[in-house]
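J.: All chains should be built: construct the whole structure from the sequences, respecting the hints.
Number of protein chains: 2
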Amino acid sequence: MSEGENQARVIPVILSGGAGTRLWPLSRAARPKQMLDLTGGGSMLALTAARVADPALFAAPIVVAGADQADAVAGALSGIGTLILEPAARNTAPAIALAALDSYPDDVLLVLPSDHLIADPAGFAAAVRRGLPFARDGWIVTFGMKPERAETGYGYIERAGALADGVFAAARFVEKPDAATAEAWVAGGRHDWNGGIFLMRAGTYVAALAAHAPDILQAAEAAMTQGAAVGHRIHPDAGAFAASPSLSIDYAVMEKAEKVAVVPVDVGWSDVGSWQALYEVSARDGDGNAVTGDAVAIDARGNLIRSDGPLVTAIGVEDLVIVATGDSVLVVPRDQCQRVREAVDRLKEQGKDKWI
Amino acid sequence: MSEGENQARVIPVILSGGAGTRLWPLSRAARPKQMLDLTGGGSMLALTAARVADPALFAAPIVVAGADQADAVAGALSGIGTLILEPAARNTAPAIALAALDSYPDDVLLVLPSDHLIADPAGFAAAVRRGLPFARDGWIVTFGMKPERAETGYGYIERAGALADGVFAAARFVEKPDAATAEAWVAGGRHDWNGGIFLMRAGTYVAALAAHAPDILQAAEAAMTQGAAVGHRIHPDAGAFAASPSLSIDYAVMEKAEKVAVVPVDVGWSDVGSWQALYEVSARDGDGNAVTGDAVAIDARGNLIRSDGPLVTAIGVEDLVIVATGDSVLVVPRDQCQRVREAVDRLKEQGKDKWI
Chain A
1 MSEGENQARV IPVILSGGAG TRLWPLSRAA RPKQMLDLTG GGSMLALTAA RVADPALFAA
61 PIVVAGADQA DAVAGALSGI GTLILEPAAR NTAPAIALAA LDSYPDDVLL VLPSDHLIAD
121 PAGFAAAVRR GLPFARDGWI VTFGMKPERA ETGYGYIERA GALADGVFAA ARFVEKPDAA
181 TAEAWVAGGR HDWNGGIFLM RAGTYVAALA AHAPDILQAA EAAMTQGAAV GHRIHPDAGA
241 FAASPSLSID YAVMEKAEKV AVVPVDVGWS DVGSWQALYE VSARDGDGNA VTGDAVAIDA
301 RGNLIRSDGP LVTAIGVEDL VIVATGDSVL VVPRDQCQRV REAVDRLKEQ GKDKWI
Chain B
1 MSEGENQARV IPVILSGGAG TRLWPLSRAA RPKQMLDLTG GGSMLALTAA RVADPALFAA
61 PIVVAGADQA DAVAGALSGI GTLILEPAAR NTAPAIALAA LDSYPDDVLL VLPSDHLIAD
121 PAGFAAAVRR GLPFARDGWI VTFGMKPERA ETGYGYIERA GALADGVFAA ARFVEKPDAA
181 TAEAWVAGGR HDWNGGIFLM RAGTYVAALA AHAPDILQAA EAAMTQGAAV GHRIHPDAGA
241 FAASPSLSID YAVMEKAEKV AVVPVDVGWS DVGSWQALYE VSARDGDGNA VTGDAVAIDA
301 RGNLIRSDGP LVTAIGVEDL VIVATGDSVL VVPRDQCQRV REAVDRLKEQ GKDKWI
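Those protein sequence lines, which keep their order, are chains A and B.
Be aware that the first sequence starts at 1, since it is given in this note's numbering, and climbs by one per residue.
Be aware that the second sequence starts at 1, since it is given in this note's numbering, and climbs by one per residue.
In case anyone wonders, no lab produced these hints; they're calculated from the structure.
Please note that the accuracy of each hint is not assured.
[To be verified] Heads up, simulated EDC-like pairs for lysine to aspartate or glutamate below, C-alpha to C-alpha not over 16 Å straight-line:
| hint | chain 1 | residue 1 | chain 2 | residue 2 |
| --- | --- | --- | --- | --- |
| 1 | A | K352 | B | D294 |
| 2 | B | K354 | A | D294 |
| 3 | A | K348 | B | D294 |
| 4 | A | K354 | A | D327 |
| 5 | A | K176 | A | E151 |
| 6 | B | K256 | B | E158 |
| 7 | B | K348 | A | D327 |
| 8 | B | K259 | B | D178 |
| 9 | B | K352 | A | D294 |
| 10 | A | K146 | A | D266 |
| 11 | A | K354 | B | E158 |
T.: Okay, here's the thing in C-alpha cells:
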C-alpha cells in the first residue's frame with residue numbers, strides 16, 4: 001500500500017453543525033463556537049478549512065452545517081466544494097452520512113469537527129498521509145490525540161497491535177471514563193483521546209452504517225434523494241432527515257465497527273471545550289493573564305480576560321474567567337468554568353432566550 | 001434663642017460641582033456621581049433635594065454646579081431657586097462663596113454635598129432645627145456624623161463643651177488621621193465624622209472668608225458682579241472665578257473659624273465614596289449579594305453586582321465588585337475597590353479618555 005501521485009485527493013468533510021454553550025456567553029445559539037475567532041487567527045471554521053487546504057493532498061471540502069448557518073458559513077469560507085445544509089441537528093453520524101452519500105464510494109473522506117484547534121497542522125497532515133493507505137484499503141482510520149491529563153470528559157481509543165509504522169489497529173472505543181480509569185489509561189500508554197477525526201472511504205462508512213445503524217442510512221438516503229440542490233448548496237429533505245436517530249458516529253459506528261485503525265498523533269490538539277481549555281492554548285502575559293480585547297489588568301494574575309468591545313478592568317483578582325460581550329458579562333473562577341451551563345439552564349428556565 | 005414661625009426659611013445650598021472617580025466606571029467625567037441612581041430611589045442629587053424640600057423649614061434651593069452640568073441638573077431637579085454655574089471647578093470654599101454672595105447676609109444657608117446619602121431625613125431635619133438658632137446667632141453649625149469605624153479617609157470634628165441640648169462647641173476640625181489616631185478618636189467618643197454639611201448665615205460665611213481666605217472672597221465677588229444672569233441661571237465671570245484659589249471650606253475656613261458648633265447626629269449618613277460604601281448601604285439577597293440590573297448569581301456570595309444593561313453572570317465568586325456599564329466592565333475584590341483610581345490613572349496615561 002502506497003500513496004501514488006495519481007490517486008484521487010482526500011475530500012475534507014467539515015462538520016459545522018454544532019451549537020454548544022461551553023463558551024457562553026461568547027458562543028450563542030446564533031453564533032456557534034466554530035464562527036468565533038478564539039485565537040486571533042480567524043474563526044475556528046476558517047482555521048479548520050486552512051488545515052486541509054493543501055491541494056497536493058486535499059480536494060475542496062464538503063461542509064455540513066445547520067441550515068440557519070448557511071450564509072455565515074459561506075461568508076467565512078471560500079472554496080467550499082459542497083455545502084450540505086442540515087434541516088435539523090441529528091448529531092454526527094447522520095451528518096457524515098449525508099456527505100458520504102454525496103460522494104463516490106471510493107472517495108476518501110477526512111471528517112473533521114469545525115471547532116477544534118491543532119497547533120501543528122504539518123504534523124497532522126503527515127498523520128493523514130500515514131493513515132491514507134489504510135483508509136483506501138477499507139479501514140476507518142482514527143487519530144489518537146496524545147492524552148495530556150486524565151480527562152474524564154473525552155472518549156478514548158485503545159490501541160491493539162501495530163499495522164505499520166505509527167499506525168495501529170484500534171482495540172476499543174470507550175466513552176468518558178471515571179477518574180480512576182482515566183488515570184490508569186493515561187499511565188498505561190495504550191489509550192489516546194478520541195479527537196473526532198476520521199479518515200475512510202465513503203463506501204466504508206455507508207457499509208458500516210448499513211451494518212450497525214441502518215435507520216440512519218435509510219433516513220439520510222431518503223433525505224438526499226428527496227432533497228434539493230441549489231448551486232453548490234444541498235438541502236436534504238427535512239421530513240426524511242428528521243426521521244433519523246440523533247447519534248454520534250462514535251456511538252452509532254465506531255464502538256461496533258471492524259477494521260478500525262488509530263494513528264497516534266501529538267499535534268497540539270484542543271477541542272477548546274471550555275474557557276479553561278481556551279486559557280491553556282492562549283498566549284499569556286508576564287502575569288499569566290490571557291487577554292483579548294481592551295483591558296486593564298492591575299495586580300491581576302492568571303485570568304482569562306476577553307472582551308468583544310467593552311473595556312474590562314480587572315484589579316487584584318486571580319484565576320478568573322472574565323468575558324464581556326456587547327450584551328453579557330461572565331465572571332467565574334477558571335476551575336469552575338464548566339458551570340456556565342448552569343447559567344444557560346437558568347436563563348432557559350426564566351425564558352431569557354435573548355441571552356442564550 | 002428660639003425658632004419663630006415668622007422667621008425666614010433656610011435656603012439649601014446644594015453643591016453639585018464634583019466629578020470624582022471612586023465609583024468609576026459608573027461615574028464618569030460627563031456623568032458625575034450625583035447624577036447616578038445608586039439606590040433605586042432616584043439620583044443622589046434628587047435625593048439630596050428631596051431631603052430639604054419641606055416648605056415649613058426650607059426655601060427653594062440654590063444649586064451650584066459645573067457649567068457643563070447645567071442641563072443635567074435642571075433636568076434632574078424641579079423647583080430650583082437659583083442655579084449657579086461654576087465656569088471652573090475651584091473646590092467647595094469658592095462655590096459656597098458664590099451662593100453666599102447671591103443671598104442676603106441674614107439668609108441662613110444649609111450647605112449640602114449633592115452626592116451623599118442620609119437614611120433618616122427626619123432625624124436630619126430635626127438636627128437642622130436644633131442648630132438653627134445658633135446659625136442665626138452667628139455660629140457656623142456643622143453636623144457630626146456618628147463614626148461607625150476608625151475611618152482614615154474622612155475629616156473629624158472634635159466636640160468641646162455643650163451649648164444646648166445636642167449642640168456643642170467644636171474644639172477642632174482635623175483632616176484625615178492615621179489609623180491609630182482614628183481608633184483612639186472613635187473609642188474616645190468626642191470625635192465625629194465631618195459630613196461636609198454646614199448651617200450658617202450668608203453673612204457669617206462671607207465674614208469668615210474675609211478673615212481667613214480674602215482672596216477667595218475677592219475672586220467670588222468679582223465673578224458675581226461681572227457675571228451674567230439668564231432667568232434663574234447665574235453665570236459667574238470665568239476669568240474672575242479662575243483667579244480664586246481652589247480650596248475646601250474645611251481647609252479655608254473651618255479649621256480657622258471662631259464660633260463653630262457641632263450637632264452630633266446618627267442619621268445613617270454615607271458619602272458612598274467607594275463601591276464598598278455602596279455595598280454597605282445596599283439591600284442584599286440571602287447570599288449577601290447586592291444586585292442591581294440584570295444578573296444571574298450562582299453559588300456567588302457577598303458580591304456587589306451592578307449593571308446598566310448587560311446581563312452579568314457571576315458563578316462561584318465571593319466578595320467581588322462587578323460593575324458593567326454599556327462600554328466598561330470592572331471586576332475587583334470589595335476590599336480593594338479604592339484601587340479603581342489606579343485604573344483611571346492608567347487610562348489617563350494611555351490617553352484613553354473615552355473611558356474616563
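J.: All hints are to be evaluated individually against the structure, with a verdict given for each.
T.: Comparing the hints with the structure gives:
Restraint check: the Cα-Cα separation between A/K352 and B/D294 comes to about 10 Å, which is no more than 16 Å; the hinted pair holds. About 12 Å separates the Cα atoms of B/K354 and A/D294, which keeps this hinted pair within 16 Å; it holds. Between A/K348 and B/D294, the direct Cα distance comes to roughly 15 Å. Compliance with the 16 Å bound is thereby established for this hinted pair. Pair hint A/K354 plus A/D327 holds up; C-alpha atoms about 10 Å apart against a cutoff of 16 Å.
For the hint linking A/K176 to A/E151, the alpha-carbon distance of about 8 Å falls within 16 Å, and the restraint holds. Our distance criterion of 16 Å between C-alpha atoms is met by B/K256 and B/E158, whose separation comes to about 14 Å. Taking the CA atoms of B/K348 and A/D327, the gap is about 26 Å. The hint is violated against a cut of 16 Å. Between B/K259 and B/D178 the CA atoms are separated by roughly 27 Å; this puts the pair beyond 16 Å, and the hint is violated.
In summary, the hint linking B/K352 to A/D294 is supported, as the alpha carbons are separated by about 10 Å, within the 16 Å threshold. Proximity of A/K146 to A/D266 is assessed by CA-CA distance (about 5 Å); at most 16 Å being required, the pair is judged to hold. This hinted pair does not check out: A/K354 and B/E158 have alpha carbons roughly 57 Å apart, beyond 16 Å.
When the structure is compared with the earlier hints, violations turn up for hints 7, 8, 11 and for no others.
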